[in-house]
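Engineer: Sequence:
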Amino acid sequence: MAYLNLDENKTKDTVKELNILLADYHLYYQKLRNFHWNVIGKNFFDLHEKFEELYDDAKIKIDEIAERILTLRLKPKSNLSDYLALSSVEESDAELEDFEMVEMLIEDHGTIIQQMRKVINTADAASDEGTIDLVGAYIRELEKSSWMLEVWSKKIKA
Numbered sequence: 001m002a003y004l005n006l007d008e009n010k011t012k013d014t015v016k017e018l019n020i021l022l023a024d025y026h027l028y029y030q031k032l033r034n035f036h037w038n039v040i041g042k043n044f045f046d047l048h049e050k051f052e053e054l055y056d057d058a059k060i061k062i063d064e065i066a067e068r069i070l071t072l073r074l075k076p077k078s079n080l081s082d083y084l085a086l087s088s089v090e091e092s093d094a095e096l097e098d099f100e101m102v103e104m105l106i107e108d109h110g111t112i113i114q115q116m117r118k119v120i121n122t123a124d125a126a127s128d129e130g131t132i133d134l135v136g137a138y139i140r141e142l143e144k145s146s147w148m149l150e151v152w153s154k155k156i157k158a
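Just so you know, we're using UniProt numbering here: the sequence shown kicks off at 1 and counts up by one.
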C-alpha cells in the first residue's frame with residue numbers, strides 16, 4: 001500500500017466508516033427494490049420507474065464503495081448480518097402508501113448523507129483524496145435526488 005502514500009492506521013478508520021456506508025447502501029438498495037415491487041396507486045408509473053432508477057444507481061455505488069475499500073487494501077463487509085448490524089438505515093414494510101415510501105426515502109437520504117460526511121471527515125484526516133472525491137460526488141447526487149423527491153411529495157400532498 002506504500003504506493004498510495006497513506007497511513008495504514010488512518011486508512012483503517014476510513015474503511016470502518018466506508019463499511020458502514022456500504023451497509024447503509026445495501027439496506028437502502030433493498031428498500032428501493034421493496035418499494036419498486038410494491039408501489040400501487042395513481043403514482044405507480046412515476047414511482048415504479050423512479051425507484052428502479054434509484055436502485056440501479058445504488059447498485060453501482062455499492063460496487064464502487066466495496067472497490068474503494070479493496071483499493072485501500074482492506075476487505076469490504078459482505079454478509080447481510082454485518083449490514084444489518086452496522087447500518088443506520090432500517091428495513092421497511094411493503095404495505096406503505098406511495099407518499100410514505102417517498103418520505104421514508106428522504107429520511108434515509110439524510111441518514112446516508114450524514115454517514116458520507118463521516119467518511120469524508122475521516123478520509124480528510126488520513127489525507128485520502130480518492131475517498132473524499134468519490135464520496136463527495138455521492139453527496140451531491142443524493143442531495144439532488146432528495147430535492148426531487150421532496151418536490152414530488154409536495155405535489156401529491158396538495
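Derived by calculation from the structure, the hints in this document are not laboratory data.
Be careful, since some hints might not be right.
What the hints assert, rightly or not - Straight line, CA to CA, 27 Å or less: simulated BS3-like cross-link-like pairs of lysine-lysine:
1) 42 with 144
2) 77 with 16
3) 118 with 42
4) 75 with 144
5) 75 with 10
6) 118 with 10
7) 118 with 59
8) 42 with 77
9) 12 with 75
As the list claims (entries may be wrong) - Cβ pair distances, simulated, as ranges:
10) 139 with 67: 14 to 20 Å
11) 3 with 38: 29 to 35 Å
12) 5 with 148: 35 to 41 Å
13) 127 with 42: 50 to 56 Å
14) 44 with 7: 48 to 54 Å
15) 117 with 5: 22 to 28 Å
16) 42 with 9: 29 to 35 Å
17) 117 with 59: 19 to 25 Å
18) 94 with 130: 44 to 50 Å
19) 97 with 2: 25 to 31 Å
All residues carry an ideal CB built from backbone N, CA and C; glycine is no exception.
Engineer: Taking the CB of residue 127 and the CB of residue 42, does the distance hold inside 50 to 56 Å?
Structural biologist: holds (51 Å)
Engineer: Starting from residue 42, check that the Cα of residue 144 is at most 27 Å away, please.
Structural biologist: holds (24 Å)
Engineer: Does residue 144 sit within 27 Å of residue 75, going by the straight-line distance between their CA atoms?
Structural biologist: It is violated: about 30 Å lies between the C-alpha atoms, which goes past 27 Å.
Engineer: Is the distance from the Cβ of residue 3 to the Cβ of residue 38 consistent with 29 to 35 Å?
Structural biologist: For residue 38 against residue 3, whose Cβ atoms are near 47 Å apart, the range 29 to 35 Å is violated.
Engineer: Could one say that the CB atoms of residue 42 and residue 9 fall in the range 29 to 35 Å?
Structural biologist: 54 Å Cβ-Cβ, so the 29 to 35 Å window is violated.
Engineer: Do residue 139 and residue 67 keep their Cβ atoms within the hinted range of 14 to 20 Å?
Structural biologist: holds (19 Å)
Engineer: Need the status of pair residue 118, residue 59: alpha-carbon distance at most 27 Å?
Structural biologist: With Cα atoms ~21 Å apart, residue 118 and residue 59 stay inside 27 Å; holds.
Engineer: Checking one constraint from the list: CA of residue 12 to CA of residue 75, max 27 Å. Satisfied?
Structural biologist: holds (10 Å)
Engineer: Looking only at beta-carbon atoms, does the pair residue 94, residue 130 fall within the given range of 44 to 50 Å?
Structural biologist: Violated, since residue 94 and residue 130 (Cβ atoms, about 38 Å apart) do not stay within the stated range.
Engineer: Kindly confirm whether 48 to 54 Å is satisfied by the beta carbon distance between residue 44 and residue 7.
Structural biologist: The hinted range 48 to 54 Å holds for residue 44 and residue 7, with Cβ atoms some 51 Å apart.
Engineer: Do residue 117 and residue 5 keep their Cβ atoms within the hinted range of 22 to 28 Å?
Structural biologist: holds (24 Å)
Engineer: If you check the beta carbons of residue 97 and residue 2, does the distance land in 25 to 31 Å?
Structural biologist: violated (54 Å)
In the structure shown, a violation is registered for the earlier hints numbered 3, 4, 8, 11, 16, 18, 19, in ascending order.
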